[in-house]
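Residue numbers (the numbering used here), protein chains in the order written: chain A, 17 to 195; chain B, 299 to 572.
Everything labelled a hint here was simulated from the structure, so no lab data went into it. Note that this is a predicted model, so its numbers are computed, not measured. Watch out, some of these pointers could steer you wrong.
[To be verified] Restricting the straight-line Cα-Cα distance to at most 25 Å, the calculated cross-link-like pairs of lysine-lysine (BS3-like) are:
id	chain 1	residue 1	chain 2	residue 2
1	B	K514	A	K123
2	A	K149	B	K445
3	A	K184	B	K514
4	B	K514	B	K489
5	B	K445	A	K184
6	B	K560	A	K184
7	B	K560	A	K149
[Unchecked claim] Simulated coverage check for chain B against chain A, where a stretch passes if three residues somewhere in it have a Cβ under 8 Å from a Cβ of chain A:
id	region
8	479-487
9	515-528
10	531-538
11	548-558
The C-beta atom is built at its ideal place from N, Cα and C for all residues, glycine as well.
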Amino acid sequence: METSSDNNLKSKRIVFVTVGTTSFDSLVRSVDTEQVKEELSKKGYTHLVIQMGRGSYIPKKSSGEDGSLVVDYFTFSSSIADYLTSASLVISHAGSGSIFETLRLRKPLIVVVNEDLMDNHQSELAEELAERKHLFCAHPQTLYQVIQSLELESIIPYHPGDATPVAKLINRHLGFPVD
Amino acid sequence: MHQIPSCFAGFVHTASFTTFCQLTISAPDIRSPAPAPAPATDFSFSGLPNVILRYLDRVFIIISKPRGCFKFNDGVHLNCSKPICNTSSKHLSTLIVLGSGGHTAEMINLLSVMQNDRFAPRFYIAAVTDNMSLQKARVFENTLADKISLQVSESTKFMQIYRSREVGQSYITSIGTTLFALCHALWLMLKIRPQVILCNGPGTCIPLCAIAFIFKVLGIRWSYIFYVESIARVKRLSLSGLLLYKLHMADQLFVQWPQLQKQYPRAHYVGRLM
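Please construct the entire structure, taking both the sequences and the accompanying hints into account.
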């Protein structure tokens with residue numbers, strides 16, 4: 017494979033997968049398929065790091081000697097931020113915490129919606145932000161297609177919100193002088 | 299017995315409700331030692347049933363009026379109410395209900411732009427099972443203290459509350475735990491007696507807000523409730539948000555997406571917290 021020689025020369029390009037505080041086995045399983053790993057490799061990514069939470073599905077570790085992706089995983093870490101910072105692509109569950117942390121770091125993001133959750137309002141946020149082209153939205157079954165058709169150029173950077181107007185209204189309601 | 303403060307007028311919007319305002323309602327001092335029994339003795343014998351009757355009247359108005367006719371118009375609200383007299387020189391004890399993960403992050407973003415000298419002392423509450431949120435609140439309070447090179451004020455308190463229902467708990471057992479959670483919430487509210495409640499879901503805030511609302515209606519204590527719906531709610535309000543909205547429990551309810559504000563016209567949309 018041509019990418020194998022490139023891997024050693026080029027700096028690491030890490031794909032970071034995060035499932036948050038719970039478990040999301042269908043995402044980890046989907047990322048761990050040969051199809052997805054090959055596609056990521058084709059796109060020039062060199063490392064795959066999976067934060068798998070409380071999940072029971074254990075992905076296959078790989079040191080990438082045959083030129084394929086280097087795969088590693090862990091359950092939890094207190095420094096998710098470091099992983100996000102070093103990543104070139106983030107594949108995340110649909111929790112708003114991870115989503116906005118990643119967007120603030122201006123990292124390309126694929127949000128995978130967990131269909132097993134009972135009250136699945138989480139997809140609302142991911143779909144809205146995908147419509148506004150701040151990120152890509154996928155389901156565990158469609159992750160492969162989304163990676164295949166990934167166009168990082170189409171991403172519109174997300175401008176963080178501002179809480180000041182809310183604070184102003186609260187102050188006004190309480191009769192505090194507005195400054 | 300004190301005359302009802304003028305700020306209470308902001309709560310009153312219909313002619314029949316105005317009489318509610320003319321009733322004398324006790325407003326015990328925040329630091330009075332016996333909070334719960336005091337109001338009961340303060341009501342005159344004929345006064346208490348009156349309050350209840352007026353409240354039922356109000357409930358009836360809400361129920362009987364077709365949707366949208368019951369005016370809790372914010373314009374009116376703001377114009378006719380100077381909610382707290384001379385707030386410029388005051389600070390208000392503030393209860394901050396933390397959700398989890400994303401909810402807490404949103405709340406911290408809001409707190410970081412609030413004038414923290416006005417909203418003091420601050421009481422943080424998170425669910426017993428949530429061990430991250432209070433930690434984040436502590437970090438936030440530490441950064442505030444660093445800014446003004448002070449110790450975190452001793453009056454800032456961090457507390458935990460039992461949840462009425464854990465994820466995945468069965469509905470039958472949740473009746474018992476809900477009752478227990480309500481009692482715990484009542485105990486906390488009596489202890490804290492906040493003047494302002496800030497919350498942004500999830501369900502943890504409901505028992506606290508409900509108790510604050512009942513206190514308000516009974517004239518025991520007036521707390522302003524501000525609810526910011528989570529940014530994750532794009533199309534529909536959460537159950538907590540819906541309850542606070544429909545029952546007029548929140549003084550102001552904020553949503554973070556314009557399309558949601560269109561569905562709930564009494565809500566405010568002034569941008570996102572994240």
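Evaluation of the provided hints:
1. B/K514 x A/K123: Answer violated: B/K514 to A/K123 is near 47 Å, above 25 Å.
2. A/K149 x B/K445: Given pair A/K149, B/K445 is violated - Cα atoms ~37 Å apart, limit 25 Å.
3. A/K184 x B/K514: Satisfied, since the Cα-Cα distance of roughly 24 Å is no more than 25 Å.
4. B/K514 x B/K489: Cα-Cα ~16 Å, so holds.
5. B/K445 x A/K184: 21 Å, holds
6. B/K560 x A/K184: Status holds; Cα separation ~21 Å.
7. B/K560 x A/K149: Judged against 25 Å, a Cα distance of about 23 Å means the pair holds.
8. 479-487: violated (count 0)
9. 515-528: holds (count 4)
10. 531-538: Three-residue rule met by the region 531-538 of chain B, so holds; n is 5.
11. 548-558: holds (count 5)
The structure is inconsistent with the numbered hints 1, 2, 8, although it conforms to all the rest.
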